[in-house]
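Student: Here are the chains, one letter per residue:
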Amino acid sequence: MKAWLTFSPKIVSNSIISNLIKNYDIDFNILRADITPEGGKMLIEISGTQQKQAAEFMEKEGIHLNPINKVVKKDEEKCIDCGACISLCPVKAINTTEDWTVEVDDLKCVGCNFCTKSCPTRAIWVTE
Amino acid sequence: MKTVEEINERIKDGDAVVVTAAEMTALVKENGAKKAAEEVDVVTTGTFGAMCSSGAFLNFGHSDPPIKMSRTYLNGVEAYSGLASVDAYLGATQPNRKPDIGLEYGGSHVIEDLINGKEIELHAEAYGTDCYPLTVIKTQITLENLNQAVMLNPRNCYQNYASATNSTDETLYTYMGTLLPNMGNVSYSSAGELSPLLNDPYFQTMGTGTRIFLCGAQGYIIGEGTQFATEVERKNGVPITTAGTLMLKGNMKEMDAEYVRGATMPKYGPTLYVGAGIPIPILNQEIAQRTAISDEEIVCQIVDYGVPRRNRPIVKETNYHELKTGAIELNGMEVPTSPLSSQKKALEIALKLKEWIDKGEFYLTSPVEKLPSKGYTVKPLEIQKPRTLVKDLKGETLILAHPNDAINEVAKKMVQNNINHLPVVDDNNKLLGIVTSWDVANAVARDKNNLTDVMTKKVIIAREEEPVDVIARRIDKNKISGLPIIDKKNQVKGMVTAEDISRLMGGD
Ligand code: SF4
Ligand code: SF4
Numbered sequence: 000m001k002a003w004l005t006f007s008p009k010i011v012s013n014s015i016i017s018n019l020i021k022n023y024d025i026d027f028n029i030l031r032a033d034i035t036p037e038g039g040k041m042l043i044e045i046s047g048t049q050q051k052q053a054a055e056f057m058e059k060e061g062i063h064l065n066p067i068n069k070v071v072k073k074d075e076e077k078c079i080d081c082g083a084c085i086s087l088c089p090v091k092a093i094n095t096t097e098d099w100t101v102e103v104d105d106l107k108c109v110g111c112n113f114c115t116k117s118c119p120t121r122a123i124w125v126t127e
Numbered sequence: 000m001k002t003v004e005e006i007n008e009r010i011k012d013g014d015a016v017v018v019t020a021a022e023m024t025a026l027v028k029e030n031g032a033k034k035a036a037e038e039v040d041v042v043t044t045g046t047f048g049a050m051c052s053s054g055a056f057l058n059f060g061h062s063d064p065p066i067k068m069s070r071t072y073l074n075g076v077e078a079y080s081g082l083a084s085v086d087a088y089l090g091a092t093q094p095n096r097k098p099d100i101g102l103e104y105g106g107s108h109v110i111e112d113l114i115n116g117k118e119i120e121l122h123a124e125a126y127g128t129d130c131y132p133l134t135v136i137k138t139q140i141t142l143e144n145l146n147q148a149v150m151l152n153p154r155n156c157y158q159n160y161a162s163a164t165n166s167t168d169e170t171l172y173t174y175m176g177t178l179l180p181n182m183g184n185v186s187y188s189s190a191g192e193l194s195p196l197l198n199d200p201y202f203q204t205m206g207t208g209t210r211i212f213l214c215g216a217q218g219y220i221i222g223e224g225t226q227f228a229t230e231v232e233r234k235n236g237v238p239i240t241t242a243g244t245l246m247l248k249g250n251m252k253e254m255d256a257e258y259v260r261g262a263t264m265p266k267y268g269p270t271l272y273v274g275a276g277i278p279i280p281i282l283n284q285e286i287a288q289r290t291a292i293s294d295e296e297i298v299c300q301i302v303d304y305g306v307p308r309r310n311r312p313i314v315k316e317t318n319y320h321e322l323k324t325g326a327i328e329l330n331g332m333e334v335p336t337s338p339l340s341s342q343k344k345a346l347e348i349a350l351k352l353k354e355w356i357d358k359g360e361f362y363l364t365s366p367v368e369k370l371p372s373k374g375y376t377v378k379p380l381e382i383q384k385p386r387t388l389v390k391d392l393k394g395e396t397l398i399l400a401h402p403n404d405a406i407n408e409v410a411k412k413m414v415q416n417n418i419n420h421l422p423v424v425d426d427n428n429k430l431l432g433i434v435t436s437w438d439v440a441n442a443v444a445r446d447k448n449n450l451t452d453v454m455t456k457k458v459i460i461a462r463e464e465e466p467v468d469v470i471a472r473r474i475d476k477n478k479i480s481g482l483p484i485i486d487k488k489n490q491v492k493g494m495v496t497a498e499d500i501s502r503l504m505g506g507d
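Chain order of the listed sequences is A and B.
Take 0 as the starting number for the first sequence in numbering that gives the first Met the number 0 and just add one per residue.
Take 0 as the starting number for the second sequence in numbering that gives the first Met the number 0 and just add one per residue.
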């Protein structure tokens, strides 16, 4: 599961995340973080068996959870493997293979639309 | 050592040894240039990149009654028809005349659709003459029923091209793709060691009449491209910046859309992805050695597109090996890179050309005249009228606000001086923010008294040394009506407003 977490400054100093990892069977991966004295926003990826429980725990602790269920799709006919999209992806979901074929990993994608807006052949888009 | 005729004999007999430029690099490294020159007959190159300076000559044939087309539109994209009566030149970067389509479907897309055999709407207008009475035509055309459809690209296959990054704090949309703020990415456009003109950097084998792979057809080099240059800095024999270019020609009726594609660079406009491959006959050891150039040996500069001037500052010198790893270090940060031209297709093209030669479907030509190898530089276009810099703008008396000023005082100042913006400065005249009449009205409405609470702190500024045209674009892009002028010491010198600029431009 991928989700945006938003939380208030009070929570920033708490060690919710470390408790989370200690107490639940999950893997926790921070993809992006933007934390200021006014609070924070964090993009995370959780895997493991207790995702649901972990999400409930966070909500209880005052972290607002906003799951992302967008996936990126690429039209292989239209795509010319130019690679323009690669360096725009904030989570490195777009990569090239050995022979320079451009591939997107929809599990990693967070639906930011950076790539879709910049593709010269409009070959890539995000759907729910 | 060898001649083109001898190589063609071997192609005919099916004995020619053909390798791609990437294979040649490995071969020479292993066995040396002497042995490679003896063994290899042809090295094939390839590139598949956005080449804006491309287009097509189309001949529609005569209608009955006939027309002398003076304005021609293909699927809403204007083609230049100031040549005879039913000829037109369709440029790849021409946007659509329908504003709702605009940059999304332009000349390059029409070219792709034609090659794909699609029907295209032709709309032509004319003033009518005794011999050409018709004044308007609306009909459908296809590639098949055109008399000629000749792709003619004035400037393709740049020998080398700087990569781009962006130091400003806003995203830039350029012909080098989307450039993220604060040097968030780097985009490069050359195919590196596979690229045609990097494999024959002194043009020892190519020139007018060289037969090539062009968009899946057999086309020709018809001469040096526009902006062709030879007098440039070189390393390892190859230019480190833009240098040679090619003018190319090919029959669109024989092309394959697999190797040519209409595209739009976001907020920049249409461009054509052109696939080109050039065979290099290995006539002697020196030519063999040149084709062995590797990505590591080809230097490429990274320039800052954040500075919209002709000479953009160079941020770093790198090479294609490093760029192709996918990340590069800039000012201590790891920055992702994007190729922009398809490395995959470049290799496919080099392999396709090799296949053609192997099968005896493609023969080499000796150029009628080689491309010039010295004496060419690119002249800039000097704008006759001296450029107006921000500091040349006639300054009005400088009116400023300070953080402790009362809102009603600020409002009074604005009304008295008939202005809409007021820079807020500290005691040393350093900029802290800006207030607009809108901010002030807002403050009054919400009963706010503190100027620092209502002013905008992230201010878009104009520097004294910047040309006014650049500021005009900035005003337009940010949809603002004025910005403070800042000197080298970061002190506020005045305000420049949209009205100032339009007055200045209108005065031309
Ligand atoms: S930018 Fe578009 S065409 Fe280029 S590799 Fe990405 S999806 Fe493909
Ligand atoms: S939308 Fe595109 S750029 Fe954004 S995360 Fe998904 S793949 Fe990456």
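If you are wondering where the hints come from, they were derived from the structure by calculation, not from laboratory data.
Among the hints, a few may not be true.
Stated by the list, open to error - Under the rule of at most 20 angstroms between Cα atoms (straight-line distance), these lysine to aspartate or glutamate pairs were calculated in the EDC-like manner:
hint : chain 1 : residue 1 : chain 2 : residue 2
1    : A       : K116      : B       : D255
2    : B       : K457      : A       : D33
3    : B       : K456      : A       : E76
4    : A       : K77       : B       : D255
5    : B       : K343      : A       : E37
6    : A       : K77       : B       : D168
7    : A       : K116      : B       : D99
8    : A       : K107      : A       : E58
Stated by the list, open to error - Computed footprint of chain B on chain A; a stretch qualifies when at least three of its residues, placed anywhere within it, have a C-beta under 8 angstroms from a C-beta of chain B:
hint : region
9    : 37-48
10   : 55-66
Think of the CB as a built atom: it goes at the ideal place given N, C-alpha and C, for glycine as much as any other residue.
Student: Return the numbers of the hints above that this structure violates; sort them in rising order.
Tutor: The structure breaks hints 1, 3, 5, 6, 8, 9 and 10; every other hint is satisfied.
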